[in-house]
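**Q** One letter stands for each residue in the lines below.
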Amino acid sequence: MAYKCPTCGKVWPDTLDLARHIFGTGDQAHKDWVNSKGYNFIELLLIQTMEPGNKGYKTLADLLEKEAEKVD
Amino acid sequence: MAKFNVINTPIHNVDGIAKVTGRAEYTFDVSLPQMLYGKILRSPHPHAKIIIIDTTRAKALTGVKAVVTGQDTLGVKQGIWRRYKELCDEEILAKEKVRYIGEPVAAVAAVDEDTAEEAMDLIEVEYEPLPAVFEPLEAIKEGAPLLHENAERNINVTRHIEWGDVDEAFKQADYVREDWFRCSSQAHVCMETHCAVSSFSPDGKLTVWTSTQSHYYIKVLLSDVLGLKENDIRVISRYTGGGFGSKFELDSAQFCSAVLSMKLCKPVKIVLTREEEFMATKRRTPMFYYLRSGVKKDGTFLAKECRVFTEGGAYTAMGATALYLTGFFQSFPYVWPSYRYDGYRVYTSTPPTSAMRGFGAPQATFCAEMQIELIAKELGIDRIEIRRKNAMYAGYEVPGQATIQSCGLVECLDRVEEWIKDRGKMPPYSGIGIAAYGFMSGGIFNWFDTPYAFSSAVIQVNIDGKVDLFIGSQDMGQGSNTTMSMICAEELGVRVEDIRLHMGDTDKCPVDLGAWGSRETLMQGNAVKMAAADAKRQILEYAAAKMSPNIVYDMDIKDRWIHLIARPERGLSYFDAVKEAIRGKDGQPIVARGHYTPHRKGMISPAYSFGVQAVEAAVDPETGKVRLKNCVTAHDCGQVINPLGVQGQLEGAIAMAAGYGFTEDLPMDDGKILNPNLVDYKILRTTEMPETTVMEVETYEPEGPFGAKEAGEGLTNPTAGALGNAVFQATGVSIKDLPITSEKVLSAIRAKKTKK
Amino acid sequence: MEKFLLRITVNDEYHELYIKPKKLLVEVLRDELGLTGTKRGCNTGACHACTIFLNGKTVKSCSVLAMQADGAEVRTVEGLAEGAELSPIQRSFLDHGAYQCGFCTSGMLLSATALLAENPTPTVEEIKEGLHGNLCRCTGYNSIIRAVKAVAEGKYKGGGNGEI
Chain A
453 MAYKCPTCGK VWPDTLDLAR HIFGTGDQAH KDWVNSKGYN FIELLLIQTM
503 EPGNKGYKTL ADLLEKEAEK VD
Chain B
136 MAKFNVINTP IHNVDGIAKV TGRAEYTFDV SLPQMLYGKI LRSPHPHAKI
186 IIIDTTRAKA LTGVKAVVTG QDTLGVKQGI WRRYKELCDE EILAKEKVRY
236 IGEPVAAVAA VDEDTAEEAM DLIEVEYEPL PAVFEPLEAI KEGAPLLHEN
286 AERNINVTRH IEWGDVDEAF KQADYVREDW FRCSSQAHVC METHCAVSSF
336 SPDGKLTVWT STQSHYYIKV LLSDVLGLKE NDIRVISRYT GGGFGSKFEL
386 DSAQFCSAVL SMKLCKPVKI VLTREEEFMA TKRRTPMFYY LRSGVKKDGT
436 FLAKECRVFT EGGAYTAMGA TALYLTGFFQ SFPYVWPSYR YDGYRVYTST
486 PPTSAMRGFG APQATFCAEM QIELIAKELG IDRIEIRRKN AMYAGYEVPG
536 QATIQSCGLV ECLDRVEEWI KDRGKMPPYS GIGIAAYGFM SGGIFNWFDT
586 PYAFSSAVIQ VNIDGKVDLF IGSQDMGQGS NTTMSMICAE ELGVRVEDIR
636 LHMGDTDKCP VDLGAWGSRE TLMQGNAVKM AAADAKRQIL EYAAAKMSPN
686 IVYDMDIKDR WIHLIARPER GLSYFDAVKE AIRGKDGQPI VARGHYTPHR
736 KGMISPAYSF GVQAVEAAVD PETGKVRLKN CVTAHDCGQV INPLGVQGQL
786 EGAIAMAAGY GFTEDLPMDD GKILNPNLVD YKILRTTEMP ETTVMEVETY
836 EPEGPFGAKE AGEGLTNPTA GALGNAVFQA TGVSIKDLPI TSEKVLSAIR
886 AKKTKK
Chain C
760 MEKFLLRITV NDEYHELYIK PKKLLVEVLR DELGLTGTKR GCNTGACHAC
810 TIFLNGKTVK SCSVLAMQAD GAEVRTVEGL AEGAELSPIQ RSFLDHGAYQ
860 CGFCTSGMLL SATALLAENP TPTVEEIKEG LHGNLCRCTG YNSIIRAVKA
910 VAEGKYKGGG NGEI
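Chains as they are written, first to last, in the working numbering: chain A, 453 to 524; chain B, 136 to 891; chain C, 760 to 923.
Treat the hints loosely; a few may be bogus.
In the BS3-like style, the derived pairs of lysine-lysine whose C-alpha atoms are separated by at most 25 Å in a straight line are [what the hints assert, rightly or not]:
| no. | chain 1 | residue 1 | chain 2 | residue 2 |
| --- | --- | --- | --- | --- |
| 1 | B | K760 | B | K890 |
| 2 | A | K483 | B | K220 |
| 3 | B | K887 | B | K871 |
| 4 | A | K462 | B | K736 |
| 5 | C | K782 | B | K200 |
The calculated label-pair distances, taken between Cβ atoms and stated as ranges, are [what the hints assert, rightly or not]:
| no. | chain 1 | residue 1 | chain 2 | residue 2 | range |
| --- | --- | --- | --- | --- | --- |
| 6 | B | N810 | A | E519 | 45 to 55 Å |
| 7 | C | R766 | B | E757 | 47 to 57 Å |
| 8 | C | P879 | B | R218 | 57 to 67 Å |
The hints are simulated quantities; they were obtained by calculation from the structure and are not laboratory data. Even for Gly, the Cβ is constructed at its ideal location relative to N, Cα and C.
Start from the sequences and build out the full structure, keeping to the hints where you can.
**A** Here it is in structure tokens:
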């Protein structure tokens with residue numbers, strides 16, 4: 453099972469990879485999607501640095517598990 | 136028998152005569168008929184709106200021929216990451232807003248420098264100062280002044296590198312430690328400051344002489360900002376007086392002189408003063424580093440977590456690359472089964488930070504090696520042994536990032552270990568510190584968005600056997616002219632004196648991306664080798680026809696002698712064969728081409744150099760002053776091409792990197808650099824330079840020409856860390872905040888005594 | 760502004776020039792006489808790239824007004840060789856690769872020539888002291904020190920312009 457990026461449609465093997473793609477691309481479209489789901493893109497990025505344990509990425513990955521389209 | 140005729144022999148640098156007799160003409164020396172002199176007016180504010188610029192009085196001064204501002208330009212925001220428009224954020228001549236002290240706002244062309252200076256005082260600029268922010272950790276706070284509208288919280292770029300499961304791995308570790316480091320900025324201090332002479336003619340063509348590391352980049356960037364076709368611009372840079380990373384982006388001397396010359400159709404020369412060089416050119420990226428490492432009690436590395444904030448300064452420049460490379464080289468040169476890096480580049484109202492020799496790797500190596508030393512101490516493991524245990528090796532794959540094909544790291548460790556043993560016991564307050572490193576030999580990236588091969592070469596063999604070699608690479612002192620001549624001569628089978636080199640002119644030379652990221656030896660070298668091999672093949676066609684040997688024999692050329700490899704006494708002179716080959720080609724000289732672009736070589740580089748450095752230092756416990764005594768480096772650059780060149784690069788790298796370690800700093804007060812001169816900014820002088828010893832560890836790198844890899848940039852990686860570790864060995868204090876000044880050492884020694 | 764007559768012998772050639780009084784010697788050498796071998800790396804006399812001989816002694820030509828050299832004998836890097844015959848220190852620099860970008864090289868050669876003229880057999884420490892004022896960003900100095908030491912050890916005899 454793989455996950456499709458809700459903004460650009462690129463497919464990734466797991467939610468952490470997809471989260472990495474979204475943070476890494478960081479363009480307005482991807483940012484807007486994250487912000488539309490009740491999160492703040494920049495805050496998540498900063499949490500990644502300020503708090504231990506991959507928290508920013510994990511939070512986004514959990515969101516993607518719920519919201520991203522799953523493909524085979 | 137020697138493996139090579141030319142490679143790895145101590146020949147004179149091909150530019151030697153020109154340089155020792157004062158004949159070498161640098162941009163600094165260029166003088167043209169009717170040439171005018173330009174000066175640049177720069178912002179005194181770190182962050183301000185430009186309300187109005189009144190140039191009337193300046194224009195009226197006798198001898199002033201033109202005054203330009205951002206309003207006289209196309210207002211194109213340019214940047215070296217051309218493929219990513221949101222990272223092209225710098226106009227050079229600011230139109231609406233200035234974002235650092237020293238940002239250009241106007242430029243003057245006049246009959247002489249004194250008049251241009253006087254005119255600058257007559258330009259009236261009304262600014263509306265805005266609140267500024269100077270530290271990255273302040274700039275990301277909510278409500279901090281915003282430098283660029285599209286960069287929320289002033290975050291310019293972010294990078295993330297990850298493999299393995301770091302959090303799980305930390306659970307398995309017997310010992311975990313975290314450390315915070317601060318890596319300072321550094322100025323390039325090229326002996327020739329940034330300069331350009333631009334000359335625009337009524338036929339719409341622009342010629343620019345400039346001190347640069349990449350004439351191709353400057354040509355294309357000028358085309359972007361001036362609206363001229365790329366090939367209506369000619370950039371000339373036969374000799375460049377130092378670069379070190381400061382001269383491959385478009386700079387204010389180039390841009391302003393071009394704008395002025397296009398207005399006047401006269402040549403305009405702009406030479407930055409040493410003060411402008413310090414205050415308003417780009418510099419090494421300062422970094423705030425957090426490292427957390429987990430290891431087993433036997434010293435096996437398990438997990439490393441790294442978080443970095445870099446002080447970006449006002450514009451992106453090459454800062455995005457430094458951000459990535461620091462995170463990548465943080466894991467070098469060891470096998471870390473799990474690793475995670477998060478890097479953030481933050482805009483601040485300071486001069487932009489960009490590329491400087493090492494490109495984020497000296498910062499990474501300083502932090503990594505200082506921490507490993509502390510880990511070794513805590514676990515009671517020998518510091519060479521812990522490094523050897525975890526060292527990279529040939530064939531290792533950095534997960535998802537790179538394949539290490541050649542690696543002499545373990546042998547480097549062995550050689551340094553031997554040297555340390557021979558040194559014996561150190562007197563009190565003396566110590567030997569070590570640091571290991573790895574570095575790239577040219578990058579695979581194309582953020583510049585070039586459609587061309589990354590390096591190309593053209594060869595023409597003439598009737599007298601003289602070989603014209605056309606290359607695009609730039610010699611800025613690192614010796615690429617000599618290296619390419621040697622590679623050509625070795626492959627073709629002639630001598631270096633048979634090569635006539637053509638470089639430094641975009642009208643006459645093929646494209647090469649320039650001298651940065653340690654790419655010339657591997658990339659331009661491969662292109663040259665390919666061209667020389669083709670020229671040789673063409674000559675051998677005629678030689679084979681003439682000699683008509685049994686088909687089982689193959690032929691080669693060595694030292695101007697074409698021969699059967701199996702029976703070298705049977706052959707003919709290269710010179711004779713060339714004459715006949717040209718006759719056979721209907722009187723056409725032999726022409727050959729070569730090129731190189733890395734394809735599918737991982738995320739960073741086709742090849743990596745490695746090394747281990749030991750620095751012996753003595754610390755004066757009364758003053759904290761550090762004195763360097765010895766510096767020994769065991770070094771793997773694959774096959775050495777130019778041995779005098781490698782030694783020179785090593786010694787120069789040590790001087791620069793030691794300066795980074797303990798004498799050089801750019802202290803600022805509200806965005807203003809406080810020491811913009813060569814007295815207060817202290818680079819190493821003769822008396823501070825230690826004895827240096829190079830130990831070559833030979834490996835063979837399949838990606839490189841004759842097995843060669845880079846030598847010269849990677850060598851700047853270890854010295855700050857080795858120096859810091861020497862101070863640690865000598866005094867027990869670990870200074871994690873560069874530069875390691877005598878004040879910091881003394882403070883730390885005293886604090887340690889008080890604790891006791 | 761009134762110009763003054765400057766009479767100066769540079770590399771054994773006599774010149775008469777009319778120049779503004781505030782012109783520096785380095786500017787006259789480079790801009791009026793076209794001898795661009797002497798370089799400038801700063802405006803504060805800190806780097807010594809502009810070192811030349813003035814009446815047999817090394818000076819920073821950026822710190823001397825040209826009129827102070829009226830009637831004087833000057834030697835620059837262009838005057839170290841005699842035709843195709845390089846001076847001992849130039850030959851030693853070539854053999855030792857004692858230069859990289861080359862921008863500081865002229866000043867280095869002049870300072871080294873002066874050092875050896877005053878002290879023909881300096882120790883490594885004395886060489887370091889003698890060249891202490893000349894800044895170089897490329898070489899790390901050690902190749903330059905080796906080159907000077909080799910001349911001091913008599914490995915390069917004669918040739919070029921022995922007379923300073």
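**Q** Evaluate each hint against the coordinates.
**A** Checked hints:
no.: 1; hint: B:K760 <-> B:K890; verdict: 21 Å, holds
no.: 2; hint: A:K483 <-> B:K220; verdict: 17 Å, holds
no.: 3; hint: B:K887 <-> B:K871; verdict: 15 Å, holds
no.: 4; hint: A:K462 <-> B:K736; verdict: 23 Å, holds
no.: 5; hint: C:K782 <-> B:K200; verdict: 23 Å, holds
no.: 6; hint: B:N810 <-> A:E519: 45 to 55 Å; verdict: 53 Å, holds
no.: 7; hint: C:R766 <-> B:E757: 47 to 57 Å; verdict: 55 Å, holds
no.: 8; hint: C:P879 <-> B:R218: 57 to 67 Å; verdict: 60 Å, holds
Comparing the model with each earlier hint shows no violations; every hint is respected.
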